[in-house]
Structure formats: C-alpha cells, structure tokens
Amino acid sequence: MSTPPWGRDFHADYDMNAVELNEHYDEVVDDLVRTCPVAHSPAGEGYYILNKYSDVQKAAQDWETFSSKDGFLPNRPEGMPYWYPVECDNPFHDALRAVLNPFVSPKAIAKHEPAIRQTVNDLIDEFIDAGVVEIVSQFANDVPGRVFCQVVAGMPAEDMPFLQRSFQAGLVGPVEERGGAMTRALEHIGRYLEQRQAEPPRGDIVDAVLNFEYPGYEFVDKAGTISQVTQGGIGTTGFVLAGALYHLAKHPDDRKRLVDDPSLLPVAIEEFLRFYASAPQLGRKTTKDIEVAGTTIPADTRVILSFGAASRDPEICPRPTEVDIGRSPNRHMAFGGGPHRCLGSHLARLNLRVGLEEFLRRIPDFEVPADFVPEYQVGVTRDMITLPLRFARDRAAVR
Amino acid sequence: MKVKVDRTKCSGHGRCFAVAPEVYDSDDEGFIVSDADGTIEVPEGHEDGARLGIDSCPEGALSAITADATASTNEGAAS
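As you go down the protein sequences, you meet chains G and R in turn. In terms of the working numbering, the first sequence opens at residue 1 and continues consecutively. In terms of the working numbering, the second sequence opens at residue 1001 and continues consecutively.
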C-alpha cells in the first residue's frame, strides 16, 4: 500500500513504540481494524498484531494457544524477570488469581469507597485554591497510586509522597530517569513486604500474597506481584481520568449533564475506558500454528492483542470514533479479556467514579488553555503527558 | 426467560451484575453466580435488564434461552 498520512505502513511495518503512533494512535488503529485484521512487525524477533474484536476476544480466551508464559512484551530484554500473575499460564495463574481476586472483587472493594473519597478530596485540597492544576502529576496518577498503596495494601501515609514522586517519574518523567525511579519504588515495596512478614497478619491482600505457597514462587516473585498490581493501576487509571477530564473540558454540554446528574457517571466511565484505551496492546506467544482471519501464524511466534483497536471495531461498536457518554451496551476491551482480564478493573472503575464525582462536584466548571494540544505516549500502555486545567476559584465548592 | 452461562468464558468482568443487579449476582472472586445447570432464571419484568447484561459481556459468555428454546448470544451483533 502507499504510505499513509501518518508516515508509516502500519500494516506490514507495525511498531508498538513508533513515534507516529504517539500522535496518530486513533487514526492508525481505526484503519487497521477496518482494513487489516492481522498486521505484522519485522522489528527484532518480529510479531503479529490482531485488530478485530472477534479475533482478539478468541485469542485472549484461548490461553493454551496464545500463551502468557513468555510474557507480554515483544523483544523482551534478556534477563527481565517475569511478573505474576500476568506473565504465566494455568494452573499457576488460576491458583494465584484465586488468592488475589477476593480482595479486588466488586463486593470486596465497596468497603474502600469512603477512604477513596477522602483520598480524592485530600488531593483536590492541594490545588483548589490555585485555580489551576496539572492533572496528570497532581491528580490523575495520584488517585490510583495512593488508593492502592495506602487504602488497599495498608502502606503508611508518610510513604506516599516518596512513592508518588517515584511512580510519576517512572511513568512520565524524563525517559533516562524512568528506570531508576521505578526501581526505587519497587525496592521500597519489597522492604515493606519484609516488614509485613515480621508483623502480625492483617488479613489483607499483602498477607494473602505472602502466605501463598506454590513451587518456584519465591519472595522476590511475591514482591513482584505486589509491585505489578500497584504499578498496573497507576498510569492506566490515570490516563482514563485525564482523558475523561480533557473530554469534559472540551465538551461543556457533556460536563453539564454529568455535573447535574452524577448517576450518569458509571455509563459515561465505560465510554472513557473504551475511548482512552490505557493498556491497548499486550502480547502472547503461540504454542502451535494457528490461522487467524486467513493468516497462518507459526508456532512460537509473538502475537500482540490490540485491545485498543478491538474497542474501536465498528462490528461491535457503532460510531466508534465518537465519544458518546450515554453509550449502552458498551462491550469494550479496555481491561483485556480471557483469564488475564485486568485484576484491578473493579478498583479502577471505583477510583474513576469517586474521582470524577468529587472533581465535578467541587470544580463543576473548567477549561484547558486555548492553545493546548494533548501529547500522548504509546507502548504497552498509553499516557497523556500533561493536562493543564484552569477553573474559576470562586465557583469551586468546599469539601 | 432464562440466561445460559458459559463458565469457560466468564472472566469476572462484572458487567452483567453492574448493569442488571436484579438479574445477575457475583461470587466472592467476582465471577457470575448461576444455578447448578449453568442457567439463571430471569425474574418476570426484568427481561430487558437480562438482555443488556448479555449484550454487555466482553467475553460473549451469556446467551438467552427464550420460551421457544432457541439460544442467542451477542456474537457479531452491532447492538
């Protein structure tokens, strides 16, 4: 095919980290989902990309053919440790999930709502008098970060500034400093687990992981599990929160609807999850030759499931390029699918609902600067780099 | 009306009991609850909620069993 406007042939020369994808993600995946069910990348070991909802769904469910044992990253750096439960198969996967699920099921997390509301309001207090806020670093990533570390995993409040700074630097700071910042945060969590091991049990998710025994699942893996579930929710939930606030800043009618009737938020949040796909492309590896949409993919080949493209498939979603805050049903794949369905999906939804309820209640009127153009970064995850908002201080409600 | 659950496909997305709590329920891990035969009896008057639950499942794990005993899922439906 001829080179498209975004300057790269993503059908035959896909690259999940391509700079063109940062700027043109929506257009690229809209083209792929309509015209190229199976794309290919020659990068490194080479990999295929599945784009249609039905193919992505089937592959995610068929974990025996599309294995997670070799991780989700194409061209995985040598020696990089695997993260459990995301990078493993059954029977270990289901055994570990059965230990974790009861702490993050819809019924289990409902008890955290008052503490989440408190956390959200504490964060809003920090900037509400200023009349301006940089959402990504001052709100969107801090809500899920603080909620998981402090509310769910019981880490001390005084650790939060350090962890928040480290995660923020690790996610969207200068690229050369990201690895070091993330390592510092993970080491901190490892020390917290050592401390918890020496304390009486609290019956929470940390104890459940520490007590879980499985051949080959060592202390370092346990720290990895807690780190993964901590980190897994921060930038991802943060991007959806930032995306929702960006949309609502640019669409006053939608904002007014949600301010006037917050009971519309759960349906609207599903649309923000679909549209601002925050973990849009995760890999598997084939265990045998398999045909997908007419393409034979050989055994032992990396395959990326483009959940971001699948959620914009016109076959399951009419007018997929539009944000429709009343869309129902909304069968998106923001949280992936199959047995590896995002562990924290229900906590993410609760964080988004309480985060938006409190933000819209206290700051019902806000805008982005006229010359602001959002910049995104895409890889396994997708982030908005910054989101400056301005609001009238005299309109902002007290808590 | 009854709803048939494919337990091999339910992955605990929880959309069914989020959109129609009067029809669907979840267990301690967050998976759907059904009768021993893998079906759910829809309370009279809640058929629309049951269908919204079926159409909201990202895994296509739910299907309707209506009076004429034909099952229909959301597979391929642009609803």
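Everything labelled a hint here was simulated from the structure, so no lab data went into it. Do not rely on the hints blindly, as some may be mistaken.
[What the hints assert, rightly or not] Calculated pairs, DSS-like style, for lysine-lysine (alpha carbon to alpha carbon, straight line, at most 25 Å):
1. G:Lys285 to R:Lys1004
2. R:Lys1004 to G:Lys288
3. G:Lys58 to R:Lys1009
4. G:Lys107 to R:Lys1004
5. G:Lys69 to G:Lys256
6. G:Lys69 to G:Lys222
7. R:Lys1009 to G:Lys111
8. G:Lys250 to G:Lys69
9. G:Lys250 to R:Lys1009
10. G:Lys107 to G:Lys256
11. G:Lys58 to G:Lys222
12. G:Lys58 to G:Lys69
13. R:Lys1004 to G:Lys69
As the structure is a computational prediction, the values presented were derived from the model and not from experiment.
Checked hints:
1. G:Lys285 to R:Lys1004: 32 Å, violated
2. R:Lys1004 to G:Lys288: 31 Å, violated
3. G:Lys58 to R:Lys1009: 10 Å, holds
4. G:Lys107 to R:Lys1004: Answer holds: G:Lys107 to R:Lys1004 is near 23 Å, not above 25 Å.
5. G:Lys69 to G:Lys256: 47 Å, violated
6. G:Lys69 to G:Lys222: Since the Cα atoms of G:Lys69 and G:Lys222 sit roughly 17 Å apart, the hinted pair holds (cutoff 25 Å).
7. R:Lys1009 to G:Lys111: Between R:Lys1009 and G:Lys111 the Cα gap is close to 28 Å, so the pair fails against 25 Å, i.e. violated.
8. G:Lys250 to G:Lys69: 43 Å, violated
9. G:Lys250 to R:Lys1009: Not satisfied, since the Cα-Cα distance of roughly 38 Å exceeds 25 Å.
10. G:Lys107 to G:Lys256: Violated, at roughly 30 Å.
11. G:Lys58 to G:Lys222: It is violated: about 30 Å lies between the C-alpha atoms, which goes past 25 Å.
12. G:Lys58 to G:Lys69: 18 Å, holds
13. R:Lys1004 to G:Lys69: It is violated: about 32 Å lies between the C-alpha atoms, which goes past 25 Å.
Comparing the model with each earlier hint shows violations of hints 1, 2, 5, 7, 8, 9, 10, 11, 13; every other hint is respected.
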